[in-house]
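Below are the chains, spelled out letter by letter.
There are 2 protein chains.
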Amino acid sequence: MRPGVDETHDPALTSWVESANADGSDFPLQNLPFAVFRRAGSRQAWRGGVAIGDQVLDLAALQAAGVADGRAAEALALAAGETLNPLMAAGRGHWQALRQALSRLLRAGAVERARLEAALVPQAAAEFTLPAQIGDYTDFYTSVHHATNVGKLFRPDRPLLPNYKWVPIGYHGRTSSIVVSGTAIRRPWGQQMRPDAEQPELAPTRRLDFELELGLFVGPGNALGEPVPVGAAEDQVFGVCLLDDWSARDLQAWEYQPLGPFLAKNFATTISPWVVTLEALAPFRVGAARRPAGDPRPLPYLDSPAAAEVGAVDLQLSVELQTAAMRARGEAGATISRTSWRHAYWTMAQLVAHHSVNGCNLRPGDLLGTGTLSGPTPAEAGALIELSVGGKRPVGLPGGEQRAFLEDGDTVVLRGWCEAPGQRRIGLGECRGTVLPALR
Amino acid sequence: MRPGVDETHDPALTSWVESANADGSDFPLQNLPFAVFRRAGSRQAWRGGVAIGDQVLDLAALQAAGVADGRAAEALALAAGETLNPLMAAGRGHWQALRQALSRLLRAGAVERARLEAALVPQAAAEFTLPAQIGDYTDFYTSVHHATNVGKLFRPDRPLLPNYKWVPIGYHGRTSSIVVSGTAIRRPWGQQMRPDAEQPELAPTRRLDFELELGLFVGPGNALGEPVPVGAAEDQVFGVCLLDDWSARDLQAWEYQPLGPFLAKNFATTISPWVVTLEALAPFRVGAARRPAGDPRPLPYLDSPAAAEVGAVDLQLSVELQTAAMRARGEAGATISRTSWRHAYWTMAQLVAHHSVNGCNLRPGDLLGTGTLSGPTPAEAGALIELSVGGKRPVGLPGGEQRAFLEDGDTVVLRGWCEAPGQRRIGLGECRGTVLPALR
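The listed protein sequences derive, respectively, from chains C and P. Residue 1 is where the first sequence starts when you use the UniProt record's numbering, and the numbers rise one by one after that. Residue 1 is where the second sequence starts when you use the UniProt record's numbering, and the numbers rise one by one after that.
Chain C with its partners taken away, still in its complex shape (with noise of 0.2 Å):
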């Protein structure tokens, strides 16, 4: 069941809370993304949140309000508390419950205003955790550009595998080091090979990288043994963050073979608080990236009509970086890559169907990062390893500065967004970190 387009999608629709109402805001009355968070500094409990305009709507504050009823209120309980996995573990009846009900309750006009009023907290008087208690996390590669891209550099003699073209590639990644947006990443040691060296050696990375990706928050899950098919796999998605896969290249290039990416990757990654929902993003459902002409049609059990029709989303990102030169001026920081999930080479249906094709379970709150998602061109690469070719063209910035990869200071910035014509603009907030020194 892909959710539809609906009254809670009008354009025309206004909030009470008039930041919402601003152009070019992420978090118009459309949007309604969850989070977890508190009064930063405060010793509150975590509690669930949805961002409108500038605010956040206190869920644990609105339940006691009594508001809501029948599923709606049901929905409202499981995301009060302080993790939202009770609420991804609902479903979609109680997901699509709880956004008609927030929809009604912040829009113009709403009776309820005065008795909502006092559950609003400024977005910047807010601190954020994770949104969920992630019990795993998986990275795919979904990207067949990106996977070409590195392909190069990493094996110049056959970049794409064989088996790319047929196969979802994925791994585990590791969730103890998943951080909330904000979270300062240290510069990682690790045993690295230099070029023409005669041994390796232990030494901070000097190849630090982003990697712009989206992370799928997974919903009810599936039990031990029992495949998700590709026509209910949807159903399994509850909402979309922002990811940086920060990666170490140099570690990368020498621990992988043969069993995959480990220290390289598992010292942090970064998600966005704000999990946008499946129903938030109905409006911008695209076609699944068109599959040049010789690429085979995916086997049987990832091949659905509506994977090609909308089984994408026109999801657009971008990258920042600002030095701490830049930051030292005053200046904001420079966008290096602009892209689209549309892009993608599988869909999230295809992902959830083949990661428990063989049984695996999914559990609510699992994690699911598409891989970097670099588009076609070289200005839409995802990240720095693809922008500067290995390291050998490094990137431009303001003020004369370039980066071949990350350095001390740099501060990258993920932010995504969905437009279309005749549908208000809904935005996914931003993923955020600053590199500090290795310690010593």
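Keep in mind that a hint or two might mislead.
Identical copies carry no separate label here, and so any pair may be met within one copy or between two of them.
As the list claims (entries may be wrong) - No more than 20 Å apart at the CA atoms, straight line, and that leaves these computed lysine to aspartate or glutamate pairs for EDC-like: (1) LYS165 - GLU198; (2) LYS165 - GLU201; (3) LYS392 - ASP196; (4) LYS165 - ASP196; (5) LYS392 - ASP54; (6) LYS392 - GLU407; (7) LYS392 - ASP6; (8) LYS165 - ASP303; (9) LYS392 - ASP157.
The hints are simulated quantities; they were obtained by calculation from the structure and are not laboratory data.
Chain C is fixed; fit chain P onto it per the hints.
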């Protein structure tokens, strides 16, 4: 701090639980491994337990009896709940205090006997669950013999990759599908590229295998960004269990490049219920396997004099295979492999130091698999793919059967134990799984 041999290891000590004194018991007074259990078929809350002979000592009941004090009482409270994570987090001081107390309480002549008898549950009347909530599961590749044997099959031209003798290779596994001994294993479906086929197909695996491993449960853990030095690494290891890393070799061969094994492994991993502590293993410590002349010395972050002297454990291991036909004839399983952990190329301290050198945080209850613990000779191989040389030389079984890979109805039982002159033998119990046919 490596646990030493103390009075709790005295082979002359006996227990008032008579079955613990029987020759060949896995669980004499000198062992005292932990599990999480309840009376089978009951609705009791899961609770910590300690094995003694053929009984489980119920730690929730023991706590209520008020027979411990000081640090031991604190540790007991941490061990009595539905996971052992709190005990694992407490650290070696608490682990040792609880061991001392349990050893005294269960010793022949203990005055507390009458109060403890009511806290004993026959193991045959108990059911077990996972001993901890496992936040992350990492699987290593510590046997150079396994790496070489399997490498020959997957990459005949370069069996052992250049990084092997420098890097304790590891990758992240799936925690959701870790199950306790006795859980049936459903044969998974997956993509396979058969020899000479034009394209891959989706089918039940034809090359289902076990892997003989040990699992290490992590103790207190480290903060994100703060590596654990090799000299302190064993303080992070609470204890050891048996681990069967079920593997679908045809899925693995097709999917594993370039990001490592995924669906070939994540359909199920079985662990034994009992966790044998490093304290119990103290009398069986031996020097790490001698590296062949010409092998490099480990880099300093992986090198310690203690590792060379007593970094390994002479923990003996076996694999038993019972087919459906053998079971129908009332025959026990046949032992198809015998080896020891002592042959591993990397020690547990090296695994912990490597895993955290980039700042990756380990958390209490995390599980580190050793990888298949194949020994130096063909008979010591820990997986069918090695024993049958990639399926080409099936293993002979009693009654004229043979196995290249596992068939439906096969039961695999891993066992582990330690013996040394002048010491009481201790065991890990068993890790058991039976193969169910694939779903239609």
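Are there hints from earlier that the structure breaks, and if so, what are their numbers?
The structure breaks hints 5 and 7; every other hint is satisfied.
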